[in-house]
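Got chain D sorted already, so can you dock chain V onto it with the hints?
Number of protein chains: 2
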Amino acid sequence: MPEFKPRAKFAEECHAIILAGGSGTRLWPLSRNLLPKQLLVLGGELTLLQQTVKRVLAAFDPSRIWVVTNEEHLFEVRKQISAMHSGLDGQVLAEPLSRNTLPAIMLGLDRFIGGNDKVLAAVFPSDHLIGNGEAWIEDLVKASHLAARQRFVTFGVEPSKPETGYGYITLGKPLDTGVFEVDGFVEKPDLATAEGFLRHGSHYWNSGMFLFRAKDFLKQVAKCQPELWDWWMAREERPLVQGYRDIPGISVDYGVVEKIDNIAVVRAGFAWDDLGSWEAMYRLGVKDENGNVIQGDVLAMDCRNSLLISQGGKLAAVGLEDMIMVQTRDATLSCPMKRVQSVRSVVDALKAQGSQLVESHPTVVRPWGSYCVLEEGPHYKIKRIQVNPGARLSSQMHHHRSEHWVVVDGTAEVEVDGHARVMVENQSVDISKASQHRLANPGKVPLNIIEIQSGPYLEEDDIVRFEDVYGRVNK
Amino acid sequence: MPEFKPRAKFAEECHAIILAGGSGTRLWPLSRNLLPKQLLVLGGELTLLQQTVKRVLAAFDPSRIWVVTNEEHLFEVRKQISAMHSGLDGQVLAEPLSRNTLPAIMLGLDRFIGGNDKVLAAVFPSDHLIGNGEAWIEDLVKASHLAARQRFVTFGVEPSKPETGYGYITLGKPLDTGVFEVDGFVEKPDLATAEGFLRHGSHYWNSGMFLFRAKDFLKQVAKCQPELWDWWMAREERPLVQGYRDIPGISVDYGVVEKIDNIAVVRAGFAWDDLGSWEAMYRLGVKDENGNVIQGDVLAMDCRNSLLISQGGKLAAVGLEDMIMVQTRDATLSCPMKRVQSVRSVVDALKAQGSQLVESHPTVVRPWGSYCVLEEGPHYKIKRIQVNPGARLSSQMHHHRSEHWVVVDGTAEVEVDGHARVMVENQSVDISKASQHRLANPGKVPLNIIEIQSGPYLEEDDIVRFEDVYGRVNK
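Those protein sequences? They're chains D and V, same order as listed.
With UniProt numbering, letter number 254 in the first sequence gets 254, and the count goes up by one each step, no holes.
With UniProt numbering, letter number 203 in the second sequence gets 203, and the count goes up by one each step, no holes.
So that you can see chain D by itself, here it is in the shape it has in the complex (with noise of 0.2 Å):
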C-alpha cells in the first residue's frame, strides 16, 4: 500500500475517532448482527469502513487514527483496515461489548488525550457513504478552526428531500459562510414537519460527524454523565474495558450534544448518505437504461425502477416496478421501495424465531479465517475452512463429535494428541472424539478443507480450548 502522507495542516493537533461497533440490519439479508454495513462492500471494491479508513487517511496519520469496534467484529476490522495501511494494524480498539457511542468515543480519547489541552478529536462513522473528499477535508479544516475557539462542531447536510428517517439540526445566527450557531436537534420528524423543514432552509440533517476539543467534550461529559464520568475517572487505576459492563450505554447525540449550548454546525460540502435502507442503496446506485440497479446473478425482463440484488444463487426477476429483491445464500428479501422500513419488522420476526439469520452469514468470520456450513444432516455438518496463511485455529477437543478433514487447497499443520504432521491437497486425518487437535496454515497461500463431523450434537459451543493465539482460552 502507498503510504498517505497527513495533508491537512489541523490533523497534527487532531485525532480522528472512527465508530465500527454497529450492529445495524437495516440491509438484511445482506447485513448480519455478526457483519453489519460498515463491513460489507456495497458497491465498488472497498467495504464502507474501509472508504471511510481511506478518507480519514487522506488527512490524518495513521498514528492519529483510531478504530473503536466491538469484540464481535474485532478480527474482520482489523483485517479490513490492515488491508488500507499496515500501519493501522495496533489503532483498533474493542469494546467488550456495545454501550453505543458515547462510551465508544470515550474510549478512543482515552488513547491520545494525554496531558494536552489543546489536542482536538473528529469522530467519524463508518458506514455512512461521502462523496467529494477534497470538501470533506475544507468542511474539517473550517471545523478545527471553531473547535480551538471551544465550540462543539457538529456537520449539517442541506436536506433534498422530507426524510422523516434522519436526525436533523435547527439552525441558529450565522457564525460565518456556512457556519451556523445550533439552536436544537430534531429526531425524525413526521413528513409535514420534514416538507416544513426543506421548505423554509431551517434544518440541516445530522450526518453524525463531530469535532470538538477533547477536553472541553470530557468536561461536558463530567456535567452532564456523571455515571460515565466516574468510569472515566477510574481508568488510572484500571483500563476502560474492564468497566464497561457496569456503565449505561447511550449515544454521544443524546448524552452530551443535545444537553451543551455551544454547539456550532458546518453545512457541508460534501455529499453525505447514510445508506440506512434498501431505498438508499438503490438511490445511490448506478442505473441501467430502465432505472434498475443491478448487482449480481441477476437475470431483469421488463423491470423498472427496482433494486435487485444477488449473492447467491440465480435470480430471475420479471415485470418487476418498484420493488427490492436482495438476495443471498441462505434468504431473500423482496419487497415494494415504498415499503423498505418493514425491513426492521422484518429482521424483528426473524429474531422473535431464534432465527440465525439475523445472526450470521452461512459463512461465518473467525481471526484466523473463516467456516461456511455446507450441508447439515441429522448426525453430520459439513464445513468449508479457510485458513488465512499463518493463521492457526485453537488447540481444542470435542466430547460429542469425531472430525475427519481434507485438504482441498493450500497445506495444513494438523496435529493430533501431541502428533504433527503437514497435509497437502487431497490428504485426509481422522480426529476422533475427545482428541486434543490444532490446525494451523503454515503456507503463503489461504488453506481449505473440508469438515465432516459425525456426532450426535454438533453445535458450535461443543469446544474446548486448551491454548489460542487470540486469546479465546475457555474461562
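It is worth saying that the hints were derived from the structure and are not from the lab.
Take these hints with a grain of salt, some might be off.
Pairs count within a copy or across copies, as identical chains cannot be separated in the list.
Unchecked claim - Think about it this way: if two alpha-carbon atoms lie no more than 30 Å apart in a straight line, the pair counts; the simulated DSS-like pairs of lysine-lysine are:
(1) Lys259 to Lys173
(2) Lys287 to Lys351
(3) Lys338 to Lys188
(4) Lys219 to Lys118
(5) Lys161 to Lys287
(6) Lys219 to Lys444
(7) Lys9 to Lys215
(8) Lys219 to Lys351
(9) Lys223 to Lys338
Okay, now just chain V, sitting in the frame of chain D:
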C-alpha cells in the same frame, strides 16, 4: 402397498397408456428438463405422475397400465410408480429420445395390441390435476361404449374462464347426454375468441385424454402418417425403439386426431387443470386468510393474493400483491401474477446462456440414488451422494481426478482396484486417479457419503464405465 383391483368392467378390454415423457419448464425454477412437472410434488405427498397412476390403478389392472417416458427420466419414473404399486415396475417403456406424443402412444400400443381387434386404449397425460376420480371413471366407461362403436373419444372440459393458453374442442351435434360429435379443434384462441367460446358454450377445453379402439387408431396412422406407419410395420424385424431416432416428432392431436372425422367428445364430469403455469398453481392452492398460497420456508408480511414457495433458504416477502415468488436452492423467480407466461422467456434466456439452471437442480437424480454438488472450487468439487438401499454405482475410473469418500450415514461397500471393504459412518477412503472403483449400498437404509474430488478437470464426462447394472457402460 395395497393391491388395487380394477373396478371398471370396461377395463377388461382396455389398456391405459400414461404419457410421462414431457420435459416442460413452465414451472421453472421448480421444474427442470431433468425433473419436469409430472415428477414434482406440487402440494400433497404424491407427484403428479403418482397421482395419475393412483387414479388409473383405481380402474385398471397393473398389468394393463403402460407408462411411456424417455430414458432421461426412466429411473425416476420407475422409482415413483413402483412406490405406488410394485407390479408397475416392468410396465415402463423408455423412448431413447423425445418424439412427441404420437410415437409414444404407438410405443404403448405395441405392448398390448397383439391380434386383438377389439382392444381399447386410453391415453392419459401424467402432468395434469384431476379431481373427482369417481366421475372420471364414469366418463371412461361412457367413452369405452363409444369407442366400441368405433368412435375416437376425447374428453372436453366446460370452460370456466376465457383461457387463451388451452386447446379447444368445437362441439358438433349431440350424441347422448354430455356427448357430442366434434366439429373441429381450435388451438390457443385470442381473448375475444375465447370469450365468445365461453359465452356461447360451443367449445370445451381439450383435456389431452383420449380413448379409442387401438386398431381403428392405427388405421388412421396408416392413412395420415405414412412415415410412422412404415416404422410401425418394421417392428416385426426390430424393436420400435431402434428406429426412434429417424422418425418425425409429432403430436397425437396434430398427427391423427385433427385429421379424422368420427370423433366424439365426452363432457368431463371431473375437475381438471393442466397446471400449465404458476397462476394455475396459485389458483388451485390452499389460500390463507390473505389469499396467499404459501409453501416452505416463507415469512410473509402484509402480502395478498400471492404465491410464495421456497424449497431453499428463507423467503421474506413484505407487502407483495398478486405476485409469484418461487425459490429453490440455486434460483429464484419473481414476477407479477399477470406476467406468469413470461416464465417461458426466462427459461429461453437461460437456455441461450447455456445455463445449467434449465437442465437440472443441484440435486441430480440417478438410477442408484442422487447426488448434490455442495460446493465447487477451482480444483475441487464437493458432493453429497445418496445411494438407495441395495443400489450399486457403475464400476468406473477417472483420468483427471482423485476422489475421497467419507461415509456420513449408512453402510457402504467400496471396491478399489479389486479390493473390497465395508465402511460405516465416519470412515473414509482415498481413490487415486485412474483407480478402478465402485460404490454400493448393501444396507436397508439410504447411504450418504461425501465425495471430495480434486484435480484439474472435474466434469461429469471424465468417467470410464467398466460395468453398470443400469446398462450405462461406455460404448
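A quick look at each hint next to the structure:
1. Proximity of lysine 259 to lysine 173 under the C-alpha cut-off of 30 Å is restricted to the intra-copy arrangement: shortest distance 19 Å within a copy versus 91 Å between copies.
2. Taking the shortest Cα distances, lysine 287 and lysine 351 sit within 30 Å of each other only across copies (26 Å), while inside one copy they are farther apart (33 Å).
3. Taking CA atoms no more than 30 Å apart as the test, lysine 338 paired with lysine 188 passes inside one copy only; the shortest distance there is 17 Å, against 38 Å between copies.
4. With identical chains, the CA atoms of lysine 219 and lysine 118 are at most 30 Å apart within one copy only, with a shortest distance of 13 Å there and 106 Å across copies.
5. When the C-alpha separation of lysine 161 and lysine 287 is checked against a cutoff of 30 Å, the pair qualifies only within one copy, where the shortest distance is 20 Å, while the shortest distance between copies is 40 Å.
6. Proximity of lysine 219 and lysine 444 under a CA criterion of 30 Å is satisfied in neither setting, with 50 Å inside one chain copy and 76 Å between copies.
7. Within a single copy, lysine 9 and lysine 215 get their C-alpha atoms as close as 20 Å, which meets the 30 Å cut-off; across copies the closest is 100 Å, which misses it.
8. In this assembly of identical chains, the alpha carbons of lysine 219 and lysine 351 never lie at most 30 Å apart, being 40 Å within a copy and 68 Å across copies at closest.
9. Within a single copy, lysine 223 and lysine 338 get their C-alpha atoms no closer than 43 Å, and across copies no closer than 64 Å, so neither meets the 30 Å cut-off.
The structure is inconsistent with the numbered hints 6, 8 and 9, although it conforms to all the rest.
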